[in-house]
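Single-letter residue listing:
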Amino acid sequence: MEAEELKKLVKQKDNESRRLLFEAYYKKTYAVAYNILRSRENAEDITQDAFIKAFQNINQLKDGAKFGAWMAVIASNLARNFLKRNKKIYYTDEEVISSGEPEAVDTEDAALRSLEVERVRQAIKRLPPEQYQVIVLQYYYDLKMEDIASMLNLRAGTVKSRLHRARKRLAEELELKESPTCLSNEGGEWEK
Amino acid sequence: MTKKHNSELNEDLLKEALHQEMESIEPPPAEKIWQRIEAGLEQEKNPASSKLNFTRKRSFNWLRYSAVAAAAFMVVFVLNSLGVWQWDQLSFPVVSDEQMDPAEEPAVMEVEEDEAAPEAMLEEAEAPERVLHYHREEDPAPPRWPEELPGNFILDDAILLTAGDVPDYHGAVYRRADESLLLVKSGESDKTIEEFKVRLGQHLETGIHAVGEINGYTHFEAEGQTGLAWQVGGRYYALLFKAGTISPEKLIKIAEGLV
Chain C
45 MEAEELKKLV
55 KQKDNESRRL
65 LFEAYYKKTY
75 AVAYNILRSR
85 ENAEDITQDA
95 FIKAFQNINQ
105 LKDGAKFGAW
115 MAVIASNLAR
125 NFLKRNKKIY
135 YTDEEVISSG
145 EPEAVDTEDA
155 ALRSLEVERV
165 RQAIKRLPPE
175 QYQVIVLQYY
185 YDLKMEDIAS
195 MLNLRAGTVK
205 SRLHRARKRL
215 AEELELKESP
225 TCLSNEGGEW
235 EK
Chain L
169 MTKKHNSELN
179 EDLLKEALHQ
189 EMESIEPPPA
199 EKIWQRIEAG
209 LEQEKNPASS
219 KLNFTRKRSF
229 NWLRYSAVAA
239 AAFMVVFVLN
249 SLGVWQWDQL
259 SFPVVSDEQM
269 DPAEEPAVME
279 VEEDEAAPEA
289 MLEEAEAPER
299 VLHYHREEDP
309 APPRWPEELP
319 GNFILDDAIL
329 LTAGDVPDYH
339 GAVYRRADES
349 LLLVKSGESD
359 KTIEEFKVRL
369 GQHLETGIHA
379 VGEINGYTHF
389 EAEGQTGLAW
399 QVGGRYYALL
409 FKAGTISPEK
419 LIKIAEGLV
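Order-wise, the sequence lines are chains C and L.
Under the numbering used here, the first residue of the first sequence is numbered 45, with each subsequent residue one higher.
Under the numbering used here, the first residue of the second sequence is numbered 169, with each subsequent residue one higher.
Take these hints with a grain of salt, some might be off.
What the hints assert, rightly or not - With a straight-line cut-off of 20 Å between C-alpha atoms, the simulated EDC-like cross-links for lysine to aspartate or glutamate are:
id, chain 1, residue 1, chain 2, residue 2
1, C, Lys128, C, Glu162
2, C, Lys57, C, Glu67
3, L, Lys200, C, Asp186
4, C, Lys212, L, Glu389
5, C, Lys212, L, Glu315
6, L, Lys183, C, Glu60
7, L, Lys183, C, Asp186
8, L, Lys421, L, Glu315
9, C, Lys169, L, Glu389
10, L, Lys200, C, Asp191
11, C, Lys106, C, Asp191
12, C, Lys71, L, Glu389
13, C, Lys71, L, Glu184
14, L, Lys418, L, Glu389
Just so you know, the hints here were simulated from the structure itself, not pulled from any lab data.
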């Protein structure tokens, strides 16, 4: 959905606009909740609550173009709070049903790339919720550091630190080298 | 099987993986969820509405706790009417915050929590530092803190503790549900554990009260919270609960997993 159309829908606040916003971001919001909770039933409840909260407080969203990222923040915070209330740790070992099998490929390079992407996907699933949250906001919703900090009500330094730890953890788990472009002036260097 | 890869973890790879992941998850039919959302929004407008499907779990909690409260009231009323128990003899135990087990907090709190606006929810995700207070800054170059401590405490933040507004000790905050632990690493200048304890007290803005030695660890208390200090490789470390309660023995098990 285009940014201008999103802004318009967010401003309108009628049932039809809400329905369109829901349809545009339902799947993504559910995916964020599910990736933290690893339970279809709980992810369903959290997704529902997240949309209700969002529509009730939509006046607080200053930039309608960021509706998707805002939904991801609300859903991931609700999911984290759910885990806290229920004294659960995030799941890392559940077999996840996924339809995202590597696609058929023509060349060896493409096959390797496809396998690599699949490995990164699996590693992302094992991130702690607070690290998964910032990774999604930066690399899926393309938010700037300041926007992430503002949405999460954190200081930019905390966001940088979480991003750094998340990438470090992914790189170590996957035994991949960290790209300098990926780490561009964000986070601190870890002590050797 | 582990195999060293030559590839880089770059932005493109992360983006592609995230997009594939988001697309791969199949949610339940949208129509069912939309109807529940509409019902929820409708109930917000008309609290007396009978459309209660979307709050089925919370409604159950309210009913359950209302029933418990009504039953308790009836018992007291009957006892009082029999002259067994006078109202002015009623007294309730005083439980301090430190003593209260978060797991025993009434579930009605969950309902109030859920009524919070998104901003409040965002703040709530960062659990308030209830017991130990200290000045801190973001740590631009944190040590290599473990991602997880024994007992499922997950690394949540890397900080610099400041003393007299001067950044000094490195610290790491670990969380497990409502509990949080603070792991502190000393600077190079501390020569003895006594010096470390004194400076740690300055960082935490509270007195450090030595309790004794357990299994080679210095057991201390700060603001009533249990703490341990020990030395490794010329640096001193301290581990203490900043929210929640724990026995020294359990804290030692966590510390032993670190060393």
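Go through the numbered hints given earlier and state which of them the structure violates, listing their numbers in rising order. Result: hints 1, 3, 4, 6, 9, 10 and 12 break, sorted rising.
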